[in-house]
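S.K.: Residue-level listing of the chains:
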Amino acid sequence: MEKLTALILAAGQGTRMKSKYPKVLHPLLGEPMLRYVTDAARAAGAERIAVVIGFEGERVQAAMGPELEYIWQREQLGTGHAVLMAREFLAKATGELLVLYGDTPLIKPETLCELIELQRATGAAGAILTTRMQDPAGYGRIIRNTGNEISGIVEHKDASSGERIIDEVNTGIYCFTIAALREALAELTPQNAQGEYYLTDVFAAFIGNGLKVAGLLTGDAEAVMGPNDRAQLARTEAFLREAINQRWMAEGVSIPDPATAYIGPHVRIGRDTTVFPGTFIFGKTVIGSDCVIGPQSRIVDSTIGDNTEVQYSQVFQAELGPQNNIGPYSFVRQGTVTAARVKIGGFVEVKNVRIAEESKVPHLSYMGDAEVGRDVNIGAGTITCNYDGVSKHRTIIEDEVFIGSNTNLVAPVTVRAGATVAAGSTITKEVPAKALGIARARQENLTEWVSPKDRAGK
Amino acid sequence: MEKLTALILAAGQGTRMKSKYPKVLHPLLGEPMLRYVTDAARAAGAERIAVVIGFEGERVQAAMGPELEYIWQREQLGTGHAVLMAREFLAKATGELLVLYGDTPLIKPETLCELIELQRATGAAGAILTTRMQDPAGYGRIIRNTGNEISGIVEHKDASSGERIIDEVNTGIYCFTIAALREALAELTPQNAQGEYYLTDVFAAFIGNGLKVAGLLTGDAEAVMGPNDRAQLARTEAFLREAINQRWMAEGVSIPDPATAYIGPHVRIGRDTTVFPGTFIFGKTVIGSDCVIGPQSRIVDSTIGDNTEVQYSQVFQAELGPQNNIGPYSFVRQGTVTAARVKIGGFVEVKNVRIAEESKVPHLSYMGDAEVGRDVNIGAGTITCNYDGVSKHRTIIEDEVFIGSNTNLVAPVTVRAGATVAAGSTITKEVPAKALGIARARQENLTEWVSPKDRAGK
Amino acid sequence: MEKLTALILAAGQGTRMKSKYPKVLHPLLGEPMLRYVTDAARAAGAERIAVVIGFEGERVQAAMGPELEYIWQREQLGTGHAVLMAREFLAKATGELLVLYGDTPLIKPETLCELIELQRATGAAGAILTTRMQDPAGYGRIIRNTGNEISGIVEHKDASSGERIIDEVNTGIYCFTIAALREALAELTPQNAQGEYYLTDVFAAFIGNGLKVAGLLTGDAEAVMGPNDRAQLARTEAFLREAINQRWMAEGVSIPDPATAYIGPHVRIGRDTTVFPGTFIFGKTVIGSDCVIGPQSRIVDSTIGDNTEVQYSQVFQAELGPQNNIGPYSFVRQGTVTAARVKIGGFVEVKNVRIAEESKVPHLSYMGDAEVGRDVNIGAGTITCNYDGVSKHRTIIEDEVFIGSNTNLVAPVTVRAGATVAAGSTITKEVPAKALGIARARQENLTEWVSPKDRAGK
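Chains as they are written, first to last, in my numbering: chain S, 1 to 458; chain F, 1 to 458; chain P, 1 to 458.
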């Protein structure tokens with residue numbers, strides 16, 4: 001199989017978004033719009049993917065990361081100009097080049113594969129993805145000869161009234177033989193009032209030189225149209241949401257209200273898991289089977305074991321074991337790793353903590369930078385004082401420890417196996433195994449006492 | 001009036017659900033699908049209801065409870081076989097038998113009543129609920145004679161091309177005279193390639209024996225179709241949600257966004273109550289009038305008094321009095337009973353607690369296994385230490401007590417009427433009436449102290 | 001320009017709402033229905049607005065406040081009677097009078113402006129807003145002469161069969177020349193079986209006296225129809241929600257799921273802010289640009305600075321600075337004012353607190369009635385004991401203070417600049433600058449201790 005390269009045009013601002021951010025970074029289900037296009041290119045077989053950046057290009061690089069190559073187009077002089085900027089990149093390439101747009105997140109890999117296959121099968125210098133439009137005004141028309149072969153692309157403003165009746169339009173998505181493209185690019189000039197370079201001129205060159213141009217007509221016009229404003233962005237997200245949720249339901253996931261389950265494109269979910277309403281599952285999250293996720297939870301870049309429940313909670317960059325019970329109202333942060341049958345209950349924040357089997361943090365606690373052994377019970381109101389105003393320190397709680405309520409564990413500190421900490425203690429030094437650590441004043445009852453209420457005469 | 005018995009077929013797996021759980025247990029608005037069918041049967045007058053179980057039948061028994069009778073069908077040999085398994089059950093029965101399916105949750109009691117009445121009025125041995133289908137392929141067709149009487153049911157695969165044009169189909173829902181059914185069942189044999197027993201053969205026997213067969217054509221085809229996969233399950237839930245919410249709006253309940261108010265079929269709600277978006281009201285919950293429920297709350301199997309607000313909170317198996325103010329972010333658990341004008345505020349968990357009038361738990365507290373008198377104020381961060389690692393103990397807080405913040409009440413313990421507990425105290429023994437209980441070290445200010453920040457030279 | 005006065009009829013109960021509250025007070029996106037009408041009247045130029053109240057009129061006055069004038073209609077004797085009650089009010093008025101209904105919240109100012117202009121341009125005594133109805137049954141029909149001028153309004157029950165074919169109906173919204181109206185009102189009598197006064201009789205009087213009557217036909221029939229029951233109320237809210245959200249998206253605000261973003265009519269939002277699902281923004285809230293609001297948050301009558309995030313939180317009557325980070329699960333209450341880069345984190349309630357730049361209240365705290373300086377760190381579990389059972393007192397925390405975890409600050413109390421409070425302390429008196437305030441028992445480890453678990457032999 002020949003090599004496939006993809007070039008994604010993403011230099012524009014998208015002025016109708018009314019945004020200071022580049023259009024291709026506007027997110028859909030937690031991922032930048034552009035990610036959907038790079039995913040499709042990769043799924044269609046692209047080994048190298050380059051993105052042509054311009055407006056706020058640094059942001060695009062930062063968001064998309066080093067897996068892609070970036071080509072700067074500092075001036076916006078047309079699609080031909082964008083591809084010209086990639087000449088150095090293309091100099092090293094052989095095989096085919098897919099040309100895509102960073103703002104068409106609904107493009108399907110299957111469509112791209114069809115386009116590539118058509119180009120390869122016909123030996124064309126370039127293949128054009130076309131579609132029919134009810135209202136083609138504004139789009140470049142596809143001119144076909146009597147043999148139904150593409151003989152040209154005419155821009156709307158240059159089209160004759162006869163040509164304007166044509167409803168087959170150019171989507172701007174192409175597959176080129178790189179060698180042929182390179183030659184044609186060398187002759188590309190801005191022959192128009194705007195001084196812009198049109199990539200469609202390349203096809204005129206192909207045809208002029210007797211090279212073949214193929215055309216693939218897709219019925220899926222929606223997929224090649226990108227959102228141009230925020231209302232369309234919302235509709236695009238609704239479309240993706242529905243498609244992703246239907247796919248998971250078909251796989252045996254229950255989603256009682258698919259309209260309010262927001263599942264990103266890279267998430268995986270096991271069978272017999274239920275995703276309740278108002279729930280966001282984003283990033284590279286993997287959820288096991290038989291889980292209860294939501295209602296009204298958010299899980300990002302995390303792994304959730306089988307039979308685990310996460311209700312009314314937040315989980316970020318964490319790894320939760322099986323049969324865990326999280327929430328309601330928990331905040332599980334990065335670096336949290338739990339074993340089986342762990343409970344993180346109501347109003348609990350955990351961060352950078354490992355918790356072994358059967359241990360419980362049932363209520364109102366903050367556990368940060370800690371190791372918690374198995375069969376540990378953390379009383380309500382327990383706080384690891386991990387920060388001294390300068391650095392963070394670790395707390396070690398060994399197996400079978402019982403921590404009383406409203407306890408402070410001033411890190412660095414260790415509570416040894418089987419120890420108990422009395423409620424209301426501030427623990428600043430190690431509690432030995434099996435011992436009772438206590439730091440507490442003795443209770444006195446002042447019976448002669450006059451309360452503020454008494455004093456106020458109420 | 002004659003006796004009515006219902007037999008609900010619920011032995012199948014529902015393979016298109018892709019689930020390890022039986023199809024009839026998949027929930028809709030917090031209730032298993034099968035509950036809607038047993039509810040409809042009971043509303044139509046069924047005094048005894050038996051469920052034929054097979055795939056994961058123990059789960060069905062466990063979920064549905066002892067109010068129903070269960071009949072095992074260990075092999076899946078057709079609908080006739082399912083009813084044959086009920087022969088012993090039917091031996092004791094007289095009157096009519098409704099045959100229903102556990103996976104048709106939208107079936108209406110009114111439709112069943114019509115079917116029963118038709119059967120009784122016509123003196124038929126059996127009455128068939130039929131419906132018209134735009135695409136009847138796959139369904140058994142209803143054959144009627146020139147007098148418009150049902151003369152047979154033909155399975156799709158056995159139907160002639162003339163019969164396949166018929167769009168009146170068998171829903172599989174029947175009402176039988178039990179005596180006639182018993183006789184026909186005695187002769188039922190698996191006369192087909194699959195070796196299955198078809199219940200429709202009973203009607204052939206009736207007709208052969210000169211008994212009358214009646215047919216009720218319902219226009220409500222949707223109601224007799226059950227969901228077969230999870231996408232259909234979601235649509236069924238949306239349909240029920242809309243129907244239930246419309247009913248409550250007609251009764252004077254405000255539901256600003258009916259698409260995201262999830263109200264179960266057994267819930268009752270008083271007039272001028274508002275159910276805000278993202279709210280679940282499930283189980284046997286009863287909500288008074290003039291309440292504010294939600295947004296984004298969940299109330300299950302609870303009673304809520306008039307004029308009570310529950311916002312951004314969870315309430316399970318609790319009984320809240322009138323004019324209570326719950327949330328945001330409260331977790332009210334089983335066994336909580338409150339009187340009038342109680343406040344349970346932000347980040348508070350209560351479990352198995354009785355709270356008398358006018359008392360307040362405004363913030364960040366855990367109250368478990370406690371009695372709280374009237375006019376009590378519980379300071380933020382108060383925790384009842386109800387668990388010593390082995391057993392749970394009770395805390396008694398009498399009337400007009402003031403508990404300072406970050407206090408531990410180590411149960412069993414009592415704070416007598418009018419007493420005060422100083423902030424930061426751990427109370428391990430009784431505080432007498434009117435006294436100040438205090439367990440606190442005296443404050444020292446170390447002015448020569450070098451903070452970690454100073455030491456770090458920051 | 002001439003003076004414009006508006007009279008809004010709002011005395012009815014709206015029995016189909018099944019409510020003890022007046023129909024016009026039922027809320028839509030946090031505002032009473034009537035507010036939309038007074039807003040439209042004001043936007044159309046009305047300088048004085050009077051509301052005719054009757055059923056539960058005191059509630060209307062209380063809800064709508066002193067910016068409006070109120071006229072009592074204690075008996076419900078028709079629209080003419082309602083306007084008659086306003087005779088004293090009108091005695092002082094000149095120019096034009098808009099007559100509107102308190103239960104038509106979708107009425108547009110542009111439509112009212114057109115009506116006013118028509119009336120002024122034609123010199124009519126009164127102008128009628130009309131619309132076409134597919135099913136006009138029940139509505140008063142507009143009779144036009146051959147010159148297409150309005151020659152009468154006929155009530156449905158008085159209409160001939162020829163007149164009943166007319167589909168142009170009276171919306172009941174009028175613009176009058178006040179002088180002409182006053183004269184016509186003087187002659188208004190209840191000439192009908194019900195003994196009611198019909199305002200439409202005024203037009204008969206105009207026409208009889210040779211005065212001109214103008215008619216404005218609006219195509220927007222929906223806008224002049226008010227909701228009559230709670231299902232229609234929900235649909236009206238959905239319509240408003242969609243319209244408001246579309247407007248903000250067009251202005252450069254991202255709303256990924258517009259169906260579950262609930263934004264009130266008086267809210268303002270800056271560009272590149274995202275409003276995530278399940279979020280309520282109500283009242284006179286102003287949100288800056290580049291903010292992240294939601295998911296599942298509620299912000300009421302607050303100001304939010306640029307680049308601030310509010311996630312899974314409640315904000316009421318607060319003023320948050322730029323680059324703040326609020327939530328998840330924070331409860332920010334009235335009188336909270338923050339400077340730049342303040343963090344209010346998980347499970348934190350703040351009320352009547354000023355917080356200076358860079359200060360953090362990261363977890364599980366209650367701060368009430370306090371001043372917090374800059375660069376302050378508030379440890380988890382810190383509580384300001386602001387209430388002694390009788391009155392509230394203030395806590396002052398100066399710049400660069402570090403408060404340890406599970407600390408009580410018993411107000412009134414001051415912690416001076418640069419001081420530290422040790423974890424687990426109850427601070428009852430001032431901590432000097434740079435000092436360490438500590439109130440804590442020394443830790444003991446009892447190694448001979450027998451835990452309840454040991455005792456239970458477990």
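Hints were generated in silico from the structure; no laboratory data involved. Incorrect hints may have been included.
Note: identical chains are not told apart, hence a pair may lie in one copy or across any two.
Said to hold, decoys possible - Cut-off 16 angstroms, straight-line C-alpha distance, at most; resulting in silico cross-link-like pairs (EDC-like, lysine to aspartate or glutamate):
#1 453 - 399
#2 3 - 47
#3 284 - 114
#4 434 - 398
#5 3 - 454
#6 18 - 272
#7 20 - 398
#8 434 - 444
#9 20 - 290
#10 392 - 39
#11 392 - 448
#12 429 - 454
#13 434 - 448
#14 92 - 163
#15 360 - 399
#16 434 - 75
#17 284 - 301
#18 453 - 375
#19 360 - 110
S.K.: Give a verdict on every hint.
M.R.: Verification of the hints:
1. Taking CA atoms no more than 16 angstroms apart as the test, residue 453 paired with residue 399 passes between copies only; the shortest distance there is 14 angstroms, against 47 angstroms inside one copy.
2. With identical chains, the CA atoms of residue 3 and residue 47 are at most 16 angstroms apart within one copy only, with a shortest distance of 7 angstroms there and 72 angstroms across copies.
3. In this assembly of identical chains, residue 284 and residue 114 lie within 16 angstroms of each other by CA distance neither inside one copy nor across copies; the values are 28 angstroms within and 54 angstroms between.
4. Within a single copy, residue 434 and residue 398 get their C-alpha atoms as close as 11 angstroms, which meets the 16 angstroms cut-off; across copies the closest is 36 angstroms, which misses it.
5. In this homomeric assembly, residue 3 and residue 454 never come within 16 angstroms of each other (Cα to Cα): the closest approach is 87 angstroms inside a single copy and 61 angstroms across copies.
6. Within a single copy, residue 18 and residue 272 get their C-alpha atoms only as close as 42 angstroms, which misses the 16 angstroms cut-off; across copies the closest is 8 angstroms, which meets it.
7. Neither within a single protomer nor between protomers do residue 20 and residue 398 lie at most 16 angstroms apart by alpha-carbon distance, with minima of 51 angstroms and 38 angstroms respectively.
8. In this assembly of identical chains, residue 434 and residue 444 lie within 16 angstroms of each other by CA distance solely across copies; the values are 13 angstroms between and 28 angstroms within a copy.
9. For the identical chains of this complex, residue 20 and residue 290 are inter-copy neighbours only, at 9 angstroms across copies versus 43 angstroms inside a copy, given an alpha-carbon limit of 16 angstroms.
10. In the homo-oligomer, the alpha carbons of residue 392 and residue 39 never lie at most 16 angstroms apart, since the shortest distance is 39 angstroms inside one protomer and 55 angstroms across protomers.
11. Taking the shortest Cα distances, residue 392 and residue 448 never come within 16 angstroms of each other, neither inside one copy (45 angstroms) nor across copies (24 angstroms).
12. Proximity of residue 429 to residue 454 under the C-alpha cut-off of 16 angstroms is found in neither arrangement, the shortest distances being 42 angstroms within a copy and 22 angstroms between copies.
13. Taking CA atoms no more than 16 angstroms apart as the test, residue 434 paired with residue 448 passes between copies only; the shortest distance there is 9 angstroms, against 40 angstroms inside one copy.
14. Neither within a single protomer nor between protomers do residue 92 and residue 163 lie at most 16 angstroms apart by alpha-carbon distance, with minima of 39 angstroms and 68 angstroms respectively.
15. In the homo-oligomer, the alpha carbons of residue 360 and residue 399 lie at most 16 angstroms apart inside one protomer (12 angstroms), although the nearest pairing across protomers, at 33 angstroms, exceeds that limit.
16. Neither within a single protomer nor between protomers do residue 434 and residue 75 lie at most 16 angstroms apart by alpha-carbon distance, with minima of 72 angstroms and 57 angstroms respectively.
17. Taking CA atoms no more than 16 angstroms apart as the test, residue 284 paired with residue 301 passes inside one copy only; the shortest distance there is 5 angstroms, against 36 angstroms between copies.
18. Taking CA atoms no more than 16 angstroms apart as the test, residue 453 paired with residue 375 passes between copies only; the shortest distance there is 12 angstroms, against 45 angstroms inside one copy.
19. Taking the shortest alpha-carbon separations for residue 360 and residue 110, neither the intra-copy value of 48 angstroms nor the inter-copy value of 50 angstroms comes in at or below 16 angstroms.
Comparing the model with each numbered hint stated earlier shows that hints 3, 5, 7, 10, 11, 12, 14, 16 and 19 do not hold.
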